[in-house]
Amino acid sequence: MTNKSWRYLGHRNKASKTREKIALPLVDEGQAAALPLQYSLAVNLETLQAIFADCQDVVYRQMRIGGVMGHQAALVYVDGLVNNDIVNDQIMKSILLEAPQAMPVLTGAPYELYRQVRDSLLTVANVREIIDFREAARCILSGFALFLLDGVNRALAIEVYGWEHRGVEEPQAEALIRGSREGFSDCLRTNTALLRRRLRDPQLKLKTYFLGRRSQTTVGLMYIDGVANPGLITEVEQRLNKIDIDGILESGYIEQFIEDKWYSPFAQIQNTERPDEAAAALLEGRVVILTDNTPFALIVPATFNSLMHNPEDHYHRWFIAVLIRILRFAGSFLALLLPSFYIAMVSFTPEMIPTSLAISIGAGREGLPFPTIIEAFIMESVLELLREAGIRLPGPLGETLGVVGALILGQAAVQAGIVSSAMVIVVALTAIAGFVLPSYDAAISLRILRFFLMIMAAVFGLYGVILGLMLILTHMVSLKSFGVPYLKPWAPWTAADLKDSIYRTALFRERLRPAYLRPLEARRIGRGKKKQ
Amino acid sequence: MNRRSLYRAGLLLLLLTIITAGCWDNKDLERRALVLGAAVDLTAAGGSLVVTEPWKITLEMPVLRRMVTRGGGGGGGGEGQDENTMPTWRLTLTGITFAEAIRKAATRSERTLFFGHQKILLMGEELARRGDLRSVLDFWARNRESYLAIDVLLAEGPAGDIMEARPKFARSVSMFLHEQMQQAIKTSRFVKHSLAEVLAALDTGQDILLARVKMVPRQELEVSGAGVIREGRLAGWLTPEETQAALWITGETKGCDILVVPVPELQQTLSVEFGKLQAEVKPLMEEDKLSFTIKIKVEGKIAEKMGNPKLFAAADLHQVENRAARLMEERIRQVLGKLQQQYQADVLGFGRKVEKVRPRQWEAMKGQWRQIYSSLPVTVQVKVSIRRTGMVS
Amino acid sequence: MLSQERIGTSEAFFLTVAAMIEVGTLIGARDIADQVGVDMWLVSPLETFFSLGAIYILTRLAMKFPQQDFFGFSRQIAGRWVAWPLSLGLLFYWLALTAHVTRVTTDVIKNSLLARTPAEAILLSLLIVAAYLASRGLEPLARASIIICIVTLPLIMMLFLLVLPHFRSDNFLPVLPRGPWPVLRLAFWRISNAEEMSLFLILVPFLQQPREAWQAASRGYLVVMVIVITVLTTCQGVLGIGLLKHSLIPGLSVTQLAEFAGTFIERISLVFISLWIILVFPTVAALLWASAYLAGRLLQLKDYRQLVFYLLPLVYFLARHPGSNLEVKSFFFFLQPLGFAFLLIIPAILYLIAIIRFPPAGSS
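Chains as they are written, first to last, in the working numbering: chain D, 1 to 532; chain H, 1 to 393; chain U, 1 to 364.
The shape of chain D in the complex, shown without the other chains (with noise of 0.2 Å):
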């Protein structure tokens, strides 16, 4: 590959580049694009097992239809991909034993075969005509059977596919307490059909796109026509469309190809795994992204304000929503501020603590070997271990080695005086109030910046935290995701907004979709009685 066929161009870009290997034909839009189907089977059926070349998972089944005379076919599938039962029953019975007593006469013209074959004989639902090979060999590597039929220049793509897959299970990294159990599966067809069934609505829409030049992801954009604002579904579109890459393996993947800033520490596109959240965030008038192969779905644009929202908030009656809310935006600044607070307080004004307090800190330091920066830094660091081991250990080991770890390693570390008790009960504190967080991307953020402040904390004390957080404010100030403000609804200032913020208020009282998604419906709850 020359240096500059790296360029990023859009995949649909037909003033595209020239590759020296037929191979691939299919992943390349120029002239194998254009490489139709030709009226031989043998020449067509050489022409794939050139494309599959060692490929040895490709099944090319030829058959005569109607007797030795008959017509010349094929079958061609990826094994795996199909399900046998559907290519036995449905396909080579109808096409082998129904098709010679359709068409008695066998010396009819094989585009008639062909036509009633397609239209009279296969008895399933899904078929596609394909004419050029990148096409074909798409349908095949995507879990379709090609039907090839001697003497004419098309094909019969059957969906057929049947591979093992991930079934609809609880969602793992968002637990709820109210709300459904549904989570994304793998599967892209399931996902839709998740959010389908919550929204049924033709306003619905999907629109599908292949990304990765190799792995050609299937990858669904959703949206509400009519309540999504369609500049923000353009921009969504061209954003994907200028992604060229090889291989899209997860949603992570397009995240950051189409994030707005690739250095900032905060997440600008949410992710989820549960489809009531993507339907939420729908009928918002926000665009949702699905990704085949990943449970993760994008939700664009994200604002701080709904990294920190769960739709279970929704689901709740209001004042203990808001009540996890209040709850959760305190955790989250303690999980930013805690240890910088406590290292500024200890090392540079301890009158800020209460005199008992300061003298059980200071009996509890007294004789450690490292100033309070250090120990500090240890202790996050060992609970990012923990938390980290904690994950990749299988199941129930990694909880045990959370509790042996945060437990034992604590109380030793304490008992041989290498760190103070005070110290281990505010890095406990922080673990716990950044769980409070309901998203992971949000969480991070916060534990990284946490590192930052610790730093400046140590060297300015309360001044260097507060240096640290207008630096990250400003930072928040300027960016934008998807051209909205990241700390909308607070900064710039909207009132009617704020209804969905750190408050939430009554249900019936939201009755309009957040204003910085510009929807183009705006109203979500009718004029009616307020209630009942």
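Take the hints with a grain of salt, since some may be wrong.
Claimed, not checked - Lysine-lysine pairs mimicking BS3-like chemistry, simulated, CA-CA at most 27 Å apart:
| no. | chain 1 | residue 1 | chain 2 | residue 2 |
| --- | --- | --- | --- | --- |
| 1 | H | K356 | U | K245 |
| 2 | H | K356 | H | K297 |
| 3 | H | K27 | U | K110 |
| 4 | H | K186 | H | K295 |
| 5 | U | K302 | H | K104 |
| 6 | H | K297 | H | K338 |
| 7 | H | K356 | H | K254 |
| 8 | H | K301 | H | K254 |
| 9 | H | K366 | U | K245 |
| 10 | H | K254 | H | K383 |
| 11 | H | K353 | U | K245 |
| 12 | H | K282 | H | K186 |
| 13 | U | K110 | U | K245 |
| 14 | D | K261 | U | K302 |
| 15 | H | K276 | H | K353 |
| 16 | D | K480 | U | K302 |
| 17 | H | K186 | H | K168 |
Simulated from the structure, these hints should not be mistaken for lab results.
Following the hints, complete the assembly by docking chains H and U onto the known chain D.
Here is chains H and U on its own, set in the frame of chain D:
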């Protein structure tokens, strides 16, 4: 990279340099010696001010590990927690100024002194009588760490000796005194004046009362009574009862602990507990003659009755109220006499009252205020209302 | 116009509030007390009236040319030879003001939080962080102001409530012992204390609704004055004039008395001062942004935001020049007359000429 981003990168580098070079103020808690209280004295007991280092300061600092009784950090608790050894270190220093004396601590303490947790400032009697309080307090007014809300107290005798006391509940003398001062509003046998109030008074040339601490047997402490600070110096003491009466006038109290009222008419001795006190001090100008009226309204309840077991009737209560009012008036007159004639100290803020209500006349009499004050006629009216008689009638 | 940035009226309001409140407010009490003594509490309400008049003239003038900034409309009104020196003067005023604010803040930080840290380090870090905010442009600046205002101001007001038990009403007596004239004179002179309101000389073309400039300016100013009056009155009511004159940072001394036994953070005053330091950043950033904008306008630069960083050395030099904290006031003596000129005299004169040269009937 163009020149512009180079410049910005340079600034970023500068910021990073500051950050990495930093930690100027970073000093962990355990590397500081927390000063809980300071007692200041004159070095020469006889009071000759010609000695080279006139000031003596005793600082009380907790020995952290011994201060915490619970097992806690590595190997606390084990050291002899004798009731009579305080878990504090009392460091005595002398110097030409307080700042100098305190800096000398660097030669005796491996930990930097830290005044952020200072609770009290105790001044010895000798120092208060002879030294100028404004100069004494200047160090604390100027010091970044020290706190305007710390309590200022006077010691009977040398202040340094007070630091040797052994309070029973508290784990240091300063903590004891700090906690003790919170009682002021309930008992009113002493005053609670913070550094801010003392500084304000000294700056405007006012007189002020300061609480008195004295040692009682078995190395225990008693806070009672008040020292009269006149023109920045201690003029004399008020007894606890006099202090109470003085506080009735200033209204700094909600009453007092107990007023014992003998009522001969009923052959009873009653203890009256006050719940609410309102004082009104008014200057009156009549034909250029200044006089003051003091009106005090108190509400109280009967806490105890001794003597005649007869139950109260409503009329009896009035007799009690009258008796109590007369008693209070008498005590107020007594303390006024002492303050006006004996000490000539305007600790009750009469001058300020005149200044605020009649600024013009005040300008005229400002110069000879002390003389005017000492012969100022004061009318005292006390009205006591007893609201409740306790659980029995 | 140099930029396409636009801010809404509410953002302009918050920007005004955040830009106006700075450490000077905490120290201001002492200056006023030095001059009028016990009548200090009367000065600020009167000052509000006078300043509102000045701000009215200033915003009227700016709103008369909703597409123009100060350089633009002064050139239109009085010609290039007047516009240039005036704009240069304004630029210098803003830079000196930035220097003054940062210097005073540095001193406050050094006195309250970081005694041993070199002043250079504090000053530089303050300037760089503020310049970073300023270099992001007006929109982020306004957004940051909103966040800062809604986070800090309620907390600050709450902290002041804690001091109320120490409030003594007799600290305000006697009223006007020296007659009303010193108070009135000082209140009028203190128009120059609405320094940051001069930002409206260039802010109007950045507003989405330039017609609402006066609304944003007056409301912002009033909110600021409510806070300032609260601070000053509390200072006097709690400390009394005597102590007020002697404390370096009266606002800090006041909150020192708001001590609560058993609260988690013992020194409320340090929390308070930290909140107040946060409020300094939008002030410095707004001034730096305005200076950079005006400088860019004079130099006809497209990308004026980067100028913020180039102005820093000048500001740093000005801020570092006074030797001690006592010298600060005498070194920055020119700020008051300059402020007076740019807030009242120059706008008034320009407005007069503008009315004469472009009568209201013809201008539309």
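Verification of the hints:
1. H/K356 <-> U/K245: 18 Å, holds
2. H/K356 <-> H/K297: 23 Å, holds
3. H/K27 <-> U/K110: 16 Å, holds
4. H/K186 <-> H/K295: Roughly 21 Å between the alpha carbons, so the hint for H/K186 and H/K295 holds.
5. U/K302 <-> H/K104: Distance ~61 Å between U/K302 and H/K104 Cα, so the pair is violated.
6. H/K297 <-> H/K338: 23 Å, holds
7. H/K356 <-> H/K254: 24 Å, holds
8. H/K301 <-> H/K254: 13 Å, holds
9. H/K366 <-> U/K245: Holds, at roughly 21 Å.
10. H/K254 <-> H/K383: 15 Å, holds
11. H/K353 <-> U/K245: It holds: about 20 Å lies between the C-alpha atoms, which stays within 27 Å.
12. H/K282 <-> H/K186: Given that 27 Å is the threshold and the Cα spacing comes to 26 Å, the pair holds.
13. U/K110 <-> U/K245: 20 Å, holds
14. D/K261 <-> U/K302: Judged against 27 Å, a Cα distance of about 24 Å means the pair holds.
15. H/K276 <-> H/K353: 23 Å, holds
16. D/K480 <-> U/K302: Since the Cα atoms of D/K480 and U/K302 sit roughly 23 Å apart, the hinted pair holds (cutoff 27 Å).
17. H/K186 <-> H/K168: Holds, at about 21 Å.
In this structure, only the earlier hint numbered 5 is contradicted, and the remaining ones agree with it.
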